[in-house]
Amino acid sequence: MQVDIERSGGFGGLTLHASVGEEQLTPGERAALERFLSQPPRPPSGPDRFVYRISLRGRQAIVQEDEIPPELRSLLERLDGAWDWPPPTHH
Amino acid sequence: MSPCFIVPPELLERILRLGQAADREAALATLSIDHSIRTNRIQNAFLAAIPRRRHHLVHGGRGRPHRTIFDAHHRTDVHATTVLRAEGQPPCSDEDANHAYDGLGDTYRFFWEALSRDSIDDAGLPLLGEVHFGRNYDNAFWDGERMMFGDGDGRLFKIGGFVRALDVIGHELCHGVTQSTLNLLYTGQPGALNESISDVFGSLVKQYRRGQTAADSDWLIGEDLLGPAVRGVALRSLRAPGTAFEGDLQPAHMRDYRVTSSDNGGVHLNSGIPNHAFYLAATALGGYAWEKAGRIWYHTLVVGAVPPDAHFHTFAQATLRTAGVLFGVASEEWRAVAEAWVRVGVLSAAQLG
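So the protein lines, in turn, are chains U and X.
Our numbering puts the first residue of the first sequence at -14, with every later residue one more than the last.
Our numbering puts the first residue of the second sequence at 0, with every later residue one more than the last.
A hint or two may mislead.
[Claimed, not checked] Which chain U residues face chain X? A few, computed with CB under 8 Å, are given here: (1) Gly(-5); (2) Arg38; (3) Trp70.
[Stated by the list, open to error] Computed spacing ranges between beta-carbons, pair by pair: (4) U:Gly6 / X:Thr81: 34 to 42 Å; (5) X:Glu331 / U:Gly43: 51 to 59 Å; (6) U:Leu64 / X:Thr81: 25 to 33 Å.
By construction, these hints were calculated from the structure, which means they are not laboratory data.
Glycine included, C-beta positions come from ideal geometry on N, C-alpha and C.
Can you make the complete structure from the sequences, with help from the hints?
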């Protein structure tokens, strides 16, 4: 299964997508992700911060940039440069 | 017809001319909620009070920014302590820090000279910025206390682009102004208003710096910021929302309002609607956009008769009240603002009466 990640917001407001195989998650990343999947979303961190939507097996978590724990930050850093842009419909 | 005042106009005029800042703002709020006010006399008193206020404050050492630029050393978890350049110091060896310093200065100068506002809180709040926030970080933001500038990744956003874009700096500083005035929620319509206010004043900071009239301005936000992977001229266009880059989905009219759960409810998308209303009002009035449309928007912020959960129409009605107080109900300025909100579908002609 795939973990689908959307990053929206930021000053630019560009909505980007990336995915990673579920099997590539470290145990720490998996545990952190599981926590977010089972809790309600928090209000926005503040203006122009990024917002992540992380989807796995039909469940999804909305994660504000400033609540990302170090275990998930490592996953997002691996995605840097892998964000899908331009979106397929505009290519 | 003789207008009916709850507070005698002579008293309001005295407050506007001689009162303390807080009294003047209260008088201003009274004026703005009193729909019956139409006399030239009280409007003139109001207008006369605004330049007076600036002179009143200068002797307190105000009118000068107090800037500190820090090096975040690519960290994101704590506020930086390494100072790259403090107020009054000559340029340092970090060009990004110098650009941030200059941009904050230009933004401060716009709010002070054009709108008599003394920094973010109108009480001379020091302006703190951090450069080199995060690694390859594609963003700039106001964290409630400081302005944070990423370096950009060189693909979506140019390296060093955020600190070099004056409208980005104006946009971020204006988030602080909105936080200390209307404190709009950052989701859905109030969030899109919050975004639009930052785009409007970000554009005005740039127009003021360049000495451009509404007709001369490009009305773009974030030009020269896009990296090679993004095809376009800028991130947003107030003149033609939805055309700034390939994939720009901003609407310019309420019929195209986007319902989405991304981006806190599309705050950077639906801001196109109030952005375009400002553009229409400013270009209809001509001249320097900060002198009429900008003042109307600004005084709508500081009077504060807009709740944190305001939708577009609530803000639109408030700008009309402000235009009525500043320039007269049914004045050219009032009509330009009314027409602008009607053209973007936020108000209907019937609502204007």
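Hint check results:
{"no.": "1", "hint": "Gly(-5)", "verdict": "holds, 4 Å"}
{"no.": "2", "hint": "Arg38", "verdict": "holds, 7 Å"}
{"no.": "3", "hint": "Trp70", "verdict": "holds, 5 Å"}
{"no.": "4", "hint": "U:Gly6 / X:Thr81: 34 to 42 Å", "verdict": "holds, 40 Å"}
{"no.": "5", "hint": "X:Glu331 / U:Gly43: 51 to 59 Å", "verdict": "holds, 57 Å"}
{"no.": "6", "hint": "U:Leu64 / X:Thr81: 25 to 33 Å", "verdict": "holds, 29 Å"}
In terms of the numbered hints stated before, the structure departs from none.
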